[in-house]
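K.L.:
Read off the chains here:
Protein chains: 2
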Amino acid sequence: MNKNITLIYGDCSSPEIVTQAVRVLDKIAARHGHTFTYTRAYMGGEAIDRFGDPLPASELEKCKSSDSVLLGAIGGPKWEGLPGDQRPEKGLLRLRAGMGLYANNRPAKIWPQLADASPLKKSIVDQGIDFIVVRELIGGVYFGEHKTIEQNGEKVAIDTMPYSEHEIERIGRIGFETAMKRRKKLTCVDKANVLDTSRLWRAVMHRLQAEYPEVEYSEMFVDNCAMQICKNPAQFDVIVTENMFGDILSDEASEITGSIGMVPSSSLGEGTCGLYEPIHGSAPDIAGQDVVNPIACILSAAMMLRYSFDMLAEADEIEAAVNAVLDEGYRTADMMAPGCTRVGCTEMGNKILEHI
Amino acid sequence: MNKNITLIYGDCSSPEIVTQAVRVLDKIAARHGHTFTYTRAYMGGEAIDRFGDPLPASELEKCKSSDSVLLGAIGGPKWEGLPGDQRPEKGLLRLRAGMGLYANNRPAKIWPQLADASPLKKSIVDQGIDFIVVRELIGGVYFGEHKTIEQNGEKVAIDTMPYSEHEIERIGRIGFETAMKRRKKLTCVDKANVLDTSRLWRAVMHRLQAEYPEVEYSEMFVDNCAMQICKNPAQFDVIVTENMFGDILSDEASEITGSIGMVPSSSLGEGTCGLYEPIHGSAPDIAGQDVVNPIACILSAAMMLRYSFDMLAEADEIEAAVNAVLDEGYRTADMMAPGCTRVGCTEMGNKILEHI
Ligand SMILES: [Mg+2]
Ligand SMILES: [Mg+2]
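Just so you know, the protein sequences line up as chains A and B, in that order. Residue 1 is where the first sequence starts when you use UniProt numbering, and the numbers rise one by one after that. Residue 1 is where the second sequence starts when you use UniProt numbering, and the numbers rise one by one after that.
So here's chain A without its partners, still in its complex pose (with noise of 0.2 Å):
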């Protein structure tokens, strides 16, 4: 198959990580007969300081007329203080919506040679830790309007939480759609005994459950949410909710699996066209040191392969290399543990390509 893949390397220590990702998609292409073929785009604090803006609209266009978007992380201190318009976090939200990517997909999960990594005592982490966050991304108080204005003589700030029923459907139906696929277990995560969007969004859930008798739906509130996540994150299957929430409770979910190094997320909207992202951030502490870990971006790519290449072989083909090399006890430095061998960014690319 033929795949143009837009390419984001991000800021920061970014770079270093996609450019072990792409390492990987080529062998994967090689091995396979594929064709990958890169256009690369600039998004975040790179493409600030060469367009003084952090999503042109021409490298929106690339994005949108790939197959699919493969992005580092951005931001940076180096951005922090500019206006809220013109920062690096903007750019990935325009590009979200942009791209019509509606549902951000981030597993939490433990792999088994890190389990001592996780910040919760072993008797939780052994009942299992095993769910997925599906977050609306593109609707909410980050997409409302923002405002701030003058009143009785002081600023006052406004952000604004809409939510419409059908951008509420059809995320909840990728919540259903998921927990099929899974343990058929969904939580609807909202703040229903306060908001109004959360109200809406439960009347639209009760109409979907309708059609999925199958799935043991639940609701559950976001406060409680975020100290059952600590607690017994073994019950939770697939959690839907909202993009403030969800952005919350996703991040606390990948803690509590003790290695945020390894998570990768898809966002996807109604075609195939997706976008694949680390979770964790552009770490400008480390960057250009070659210490910072690639492997979330190399299980995105494998992600892109699944669920927007449909390419499921090459997919476990990476995620089984990446299991042979914690297996053989390599480790960037984020994850180092008694026992093991320290490696860098671009060793750790190459055990990975060896496994392939």
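Note that these hints are calculated values from the structure, not bench results. Treat the hints with caution; some may be incorrect.
You can't tell identical chains apart in this list, so a pair holds if it fits in one copy or across any two.
[Said to hold, decoys possible] Cross-link-like lysine to aspartate or glutamate pairs, in silico, EDC-like; alpha carbons within 20 Å at most:
{"hint": "1", "residue 1": "Lys155", "residue 2": "Glu214"}
{"hint": "2", "residue 1": "Lys90", "residue 2": "Glu317"}
{"hint": "3", "residue 1": "Lys147", "residue 2": "Glu165"}
{"hint": "4", "residue 1": "Lys27", "residue 2": "Glu319"}
{"hint": "5", "residue 1": "Lys155", "residue 2": "Asp116"}
{"hint": "6", "residue 1": "Lys64", "residue 2": "Glu270"}
{"hint": "7", "residue 1": "Lys155", "residue 2": "Glu145"}
On the provided structure of chain A, position chain B with the ligands as indicated by the hints.
P.N.:
Quick look at chain B with the ligands alone, frame taken from chain A:
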């Protein structure tokens, strides 16, 4: 001293815990020559049943005209189908707003006797968990406008998240003042890369920072904070944050202590009249069984003595009694552990009274 305390017995299993807290208050009053008189007010489900309103004006008035309010917990399945404005929780939101209680203080502290109950692993717990979440309580999206409209043939719900400078300044000041009384570290938690309210929050905090040069001030995004509370809670001394973020993070913070049934809270405004309540819910599933843990409510009463009545020795005495009972190995069902003696709600009250 004479003090008039308003009691809100609350819903489901809540009256059982308030009853024990009142017994403790009475014994403290007798020993120290104080006179506590009690006024009963109705709020939440009980008020809905009695008045058709979760907080009638008469009940708010009782609370405002007393020296402080002791609350158990409200809500339950009985009232869950009601429209947003008539829910029990709405009574609590209106009570906080009506009393002008903008500062919610939520301590997250490990009791050494219960350290094993933490979901976090020992190596993290051993670094110490002792921080306070100072949550803004009467602003932000929980108190903004909530509406659901018809637009393009579908429903659209919109919640509004407003913050004005004076609202931020008064809670920010409490954050700095609280830090000054502790380890002098303050973390402002927000989502300033996306929200206007967060950016205004930071601007105000930077002004206050100039007044508190001794405080080590830092800022953290809310999603990262949800991770850090699991990963490295020892880094925190005081967290100051807006209402909804504080709702989520303070519950997560309580959970990592492993003993939700032990966590009290205070809510204060300009004067000394505060609202004191456990952070746990009304535990409908065990209502009427005399098994609910009364300690968080008893510790809330102790906080009331300390922060609203300046009765420091009396508060110390209650806390020491709780500590002694834990040392003796008495536990309610929620915190039962091997080798301990299980007691019910009234009996836990008895045991604590024995040490006063
Ligand atoms: Mg996040
Ligand atoms: Mg809460």
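K.L.:
Run every hint past the structure and note whether it holds.
P.N.:
Checked hints:
no., hint, result
1, Lys155 with Glu214, "neither (51 Å within a copy, 27 Å between copies)"
2, Lys90 with Glu317, "neither (35 Å within a copy, 53 Å between copies)"
3, Lys147 with Glu165, "between (24 Å within a copy, 14 Å between copies)"
4, Lys27 with Glu319, "within (14 Å within a copy, 64 Å between copies)"
5, Lys155 with Asp116, "neither (48 Å within a copy, 47 Å between copies)"
6, Lys64 with Glu270, "within (12 Å within a copy, 54 Å between copies)"
7, Lys155 with Glu145, "both (16 Å within a copy, 18 Å between copies)"
Hint compliance for this structure: hints 1, 2 and 5 are not met, and every other hint is.
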